[in-house]
Amino acid sequence: MEKRAAVIGVGYTTYCSNRRETRSKAELAHEAVRNALGMVGLSIGDIDVSVYTSVDGFEATVRPARMLEAFGQGLNIPLVDVNTGGSAGGSGFKEAVHMIEAGLHDIVLLYGAPTFNNVVDNQQVLNTASPPVFEKPFGIGAVHMGAFYAARYMREHGIDEYDYAHVASKNHRAAVKNPYAHLRNGFTPEEVLESPMVTWPIRLYECCPTSSGAVAMILASEGRAKELCDTPVWVRAISSIADTFLSGFKVYRDFDKLKILAKKVYEKAGIRNPLKDFDVAELFNPFAPFELMEYDALGFCEEGKSVSLLRDGVTEIDGELPVNMSGGVVCTNSGISSAVNRHAEIALQLMGKAEGRQVKSPEVGLAHSWGGNMGQFHTLAVLTL
Amino acid sequence: MGKVGIVGYSLTTFRDDADMSSDELVFVASSAALKDAGVDRGDLDAVSVASIDAYDGITISNGWTAPAGGGYGKDATRIQGGGVAAVMSAYASILSGAAELALVAGGDSVRFDDTVTSNASYDVFFNRPIPLFNVSSYALLATSLLRSGAATEDDFAMVAAKNYRDGAGNRWAHVRAGYSIGDVASSPLTCWPLRSLEIAPCSKGACALVLASERKARELSDNPVWISGIAGGSTPCFGSWAETMEMKGLRRAITRSYRMAGIRNPAKDIDAFEIFSPAAPFELAYYEPLGLCGKGGAPELLRGGVTSGFGALPVNPSGGALCTNPGNCGGVYRVVSALNYLRDHEGARRAVVQDSDINLGIMGETYHVMVVEKERA
Amino acid sequence: MSTPQVMKKEYNMHLDFSLPLGKAYTKWMQALKEKKILGNTCGKCGRIFVPAKPFCEICFEEPLEWVELDGRGIVESFTVCFEKFRNCPDPPYVVGILRIGDSATCMTHFIGGLAYQRPEEIPGQIRIGMAVEPVWAEDRTGDPLDIAYFRPVK
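Chains A, B and C, in that order, give the protein sequences.
Going by the working numbering, the letters in the first sequence line up with residues 9 to 393, in that order.
Going by the working numbering, the letters in the second sequence line up with residues 654 to 1030, in that order.
Going by the working numbering, the letters in the third sequence line up with residues -6 to 147, in that order.
These are computed hints drawn from the structure, not numbers from a lab.
Some hints could be false.
Claimed, not checked - Derived DSS-like pairs (lysine-lysine); straight-line CA-CA distance at most 25 Å:
1. C:K37 / B:K688
2. B:K688 / B:K1027
3. B:K656 / A:K11
4. A:K272 / A:K234
Said to hold, decoys possible - Which chain B residues stay away from chain C? Per the calculated CB distances, all over 12 Å, these:
5. K656
6. S675
7. S683
8. V777
9. T805
10. P854
11. R871
12. W879
13. S893
14. P919
15. P942
16. G957
A virtual CB, placed ideally from N, CA and C, is assigned to each residue, including glycine.
The shape of chain A in the complex, shown without the other chains (with noise of 0.2 Å):
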């Protein structure tokens, strides 16, 4: 009855600012899905459905997708249209994940939008986010929401601004390797101590910027996979968890809902010792602090020994445990394509097609995304060779 699924092709297009960007939502989702199906050598009437992720309000359109044709619409292909917020893309990949093992559907397109690339005011659209009544009155978007987990993790434990910044200038290096990355600029940790403070703990370079480009993965059932791809990445498995709305019990120590969510995948993955079983992983970073939080949740060490995994740079390209070598979400941030490029990443770091950032043989890895209104939604997924 259940039946494997694997992600056996990637399409990106290039990162650049949102403000400079020249080509439409059209083109960019062909050419991404252009590029997924080139990979695997299939045309687009070989889809037998497409999952678009994005948020609508942040795109000023009302259901985007339907605008768009480049996802088989003329050929009558359903569309699915998933928005859970920033971790709409997980969730699309939980929804292709499903159709697949459920017997559904054999060939699947999942394509993460790129939500800002019209947007004039970024954060006049990030604050839309924020509930109208209890919390948008308060002048809070999203990297407020960023800056009470920054807060609180910090003073808990005791961390450095320099630890911050050393997080946020990890990406950054690692970005200047990826020829998808949109921030390319390597800034050192006293690079990121330099920049002005937003709203604190969260300096500028440790925030993500607003980046335009656009991400397809092509996913299949065992029998396609195996005949389409010669090393299909297989989805052992994938889950999400939905905290409260507003604030509610949240005291933003830690992500304690991630960490439920790791031990039930963990548990279905036959994940024991993550720092040991995962060989390269994909955290979702919009604020780069969260990355030593993730640490925790994700049991990589124990709670607020983070910064240790960083100083002894065991999260390094060389490490025992690379983490975000794509330069991760503070250094391309194109809206819900962030989410889906999580899942592509550890994708093409198994496939080995990980161009410039590839980790050696890596055979386990882990993505990550996250998304709502004070991080409501976390989605994780394992994959493996």
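With chain A held as given, fit chains B and C onto it using these hints.
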């Protein structure tokens, strides 16, 4: 392939205005659905919300309604293409083994202007500036039907009156005025050729379904309702007008869901149809693709009373969208209406639910069709 | 590298909404007009909620009992905004995650009444766990901003 059953459901009465917030409404429907299924929130594995941000007035609005569907601490998602698409997500979740019990819910509380909302769903270059919006797009289709001789304005009024008559007898429906053909035909012209009473209202309310794996469904019910077929199809937005009128996306969804369910002769095999017809002409246009008649046979079927609530082939016995049209939970409402029909009519065993996202207008639309059947009549 | 000449279209999306607050939120907001901070309680688990909730997410029941709190709370987290964002207050301003009384949930609100020479000093003025109390606005309409801000308890 394994089976997925619907083991519980609930809905609120639909009205002009809600006195509850969206999360309260979804909570009321969801907790009642769980009770109806004989389970509680602790038993749930997954929640699938049917909604779009623009109908909730909040970006990432599923944040607000997923916990209201019992999703706190659980695997929750939100599907934007209509209730049946959200059902399909829960269905796949169960068949993949990720869930044994899943809840699908939607609720409509917030007032919005659906002309502005639907206009904002069109592309910025060609259609939004016109401005094209849902009703004007429906009217374009209506004109094509008239001018091709597929239907008359009388037929539009007749199918509307049929829905109103059936809705008057439905205690959950929003509009129960039972408008006559005369009322409809004399209602003001909104977008020629469509009159105001030929166009669905905006309704407020909520509903929820509880889906279960085969094993769980058999534990919870001695006569479960199975989802025996489910499929989708889309139409391109910038295709030819002929493509829009041909509705190949709808046909794909129908053909594949019927095939899955083993439906060979819809007129014989199906006991009732709940379809999404936000303007009277759609219902007529859908009879033939649904397999109820041959090309051009829709008016005859309608005029013969075959598709009325008491006819041989009831289509929209609930009164359809003309009587009840909540933007978020419309698809779930259509599923609930079909389930109510199967429960209330002795001998009825199979129903078809047809849903889409054309509340935002046609062109670029996606359809989902589902077949539900009781184990025993 | 030269950018190809491409046309751009300016547009925006302006949507108006009217949101019924429902029973729980309405009662909580109306109490603010009278300078009262209420919480409601889940009959099953006993958790108190400030702001009030229409249902307990954990027990999935409507909290039917209401309590009045003195409004004092503690800071669970905070941020100090230094940059000007559109539709947001002029910086610097402080937003806190505040736990009022024994509430199981926290609410967001401004922290004010802090003394400082330079804005950079502000983060140092605020401790996690610091006690705060509400300062009420003169004009109250049944809105979270009926509380102008929370200030440190002396």
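- prompt: In ascending order, which of the hints set out earlier in this document are inconsistent with the structure?
  reply: 4, 6, 7, 8
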